[in-house]
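Novice: Work the whole structure out from these sequences, hints included.
Numbering (this note's numbering) for the sequence shown: -12 to 229.
To be clear, the hints were calculated from the coordinates, so they are not data collected in a lab.
Glycine included, C-beta positions come from ideal geometry on N, C-alpha and C.
Incorrect hints may appear among the rest.
[Claimed, not checked] List time: in silico SDA-like cross-link candidates among lysine to any residue, alpha-carbon distance up to 25 Å:
1. Lys113 x Gln88
2. Lys63 x Val109
3. Lys53 x Glu(-11)
4. Lys67 x Phe30
[Stated by the list, open to error] Listed next, with one range per pair, are the computed distances between beta-carbon atoms:
5. Gly225 x Thr24: 37 to 43 Å
6. Asp127 x Glu64: 36 to 42 Å
7. Leu209 x Asp112: 18 to 24 Å
8. Glu158 x Trp200: 38 to 44 Å
9. Lys113 x Leu209: 35 to 41 Å
10. Glu17 x Ala93: 16 to 22 Å
11. Pro61 x Pro210: 25 to 31 Å
12. Gly20 x Gly228: 39 to 45 Å
13. Met19 x Gly228: 23 to 29 Å
14. Pro210 x Thr91: 43 to 49 Å
15. Glu217 x Glu117: 19 to 25 Å
16. Gly225 x Gly161: 34 to 40 Å
17. Thr27 x Thr91: 27 to 33 Å
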Amino acid sequence: MELTILHLYPDCMSLYGEYANLAVLCRHLEAMGVSVTVDTALFEDAPPFDRAGFIYMGAGTERTQKAALSALLPHKEALKAAIDRGAVVLFTGNAMELLGQSITDAQGKRWPCLGLADFSTVESDKRAPEDVVAHTSLWDSPVVGFMNKCSVTEDANPLFHSLSLGFGNGEDKGPEGFMRGNVFATHLTGPILVKNPDFTDFLIRRMFECKGWELPEQLPVLPYEREAYEVTLKELMGRAGG
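Specialist: So this is what it looks like as structure tokens:
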């Protein structure tokens, strides 16, 4: 079993240690006998979407987000083609916003985006750095993470249906993130896959399904990852009053 992961713009879109999402994903896959190759694309590159089974972009500043958007827009049809043939996509932090129709920045400039989703985003000068506890219908356990955004996103089909703690796409404790088919996105960082082993397992199951590979009866568990998750969840739920 061989899988190629494509990491988009790791030099500029890796705030909050986002590169570690791929490190933990690779460790899980390799423990299952998958030979993993990680390709990277920088701003000057044409991303090799044609061989990618998993495509990832992490969070950046508002400035580097716009630079990533400008770099990726000429290749949006190739990205769409990769998704159509079964590539799994995860965008975290403000990379999520690139999937929508547009971003209007704090100065009022409108930036056309990739158009893979119907939502639009409006930035402001107000920043919301918050810890988050979220819930999803895709697996049983709550999701823990962190977000630091200065934007509101409207009309997204959410990945997380409610939050016990934190700000959603457009309201406090409201729905958060985006999902459609094999495309998943969230403003949560942390890094989110390091903090949430069940999210990692969910993505692995989806990749195996898309590849037509047989899943083992038991997915691997890395040392201390679930213990760390339980400690974080207990702390944040205590803060949320849950």
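Novice: Would you mind marking each hint as holding or not holding in the structure?
Specialist: Here is what the structure says about each hint:
no. : hint                        : in the structure
1   : Lys113 x Gln88              : 22 Å, holds
2   : Lys63 x Val109              : 21 Å, holds
3   : Lys53 x Glu(-11)            : 33 Å, violated
4   : Lys67 x Phe30               : 18 Å, holds
5   : Gly225 x Thr24: 37 to 43 Å  : 42 Å, holds
6   : Asp127 x Glu64: 36 to 42 Å  : 37 Å, holds
7   : Leu209 x Asp112: 18 to 24 Å : 40 Å, violated
8   : Glu158 x Trp200: 38 to 44 Å : 40 Å, holds
9   : Lys113 x Leu209: 35 to 41 Å : 37 Å, holds
10  : Glu17 x Ala93: 16 to 22 Å   : 42 Å, violated
11  : Pro61 x Pro210: 25 to 31 Å  : 43 Å, violated
12  : Gly20 x Gly228: 39 to 45 Å  : 44 Å, holds
13  : Met19 x Gly228: 23 to 29 Å  : 39 Å, violated
14  : Pro210 x Thr91: 43 to 49 Å  : 45 Å, holds
15  : Glu217 x Glu117: 19 to 25 Å : 21 Å, holds
16  : Gly225 x Gly161: 34 to 40 Å : 22 Å, violated
17  : Thr27 x Thr91: 27 to 33 Å   : 30 Å, holds
This entry does not satisfy hints 3, 7, 10, 11, 13 and 16, going by the numbered hints stated previously.
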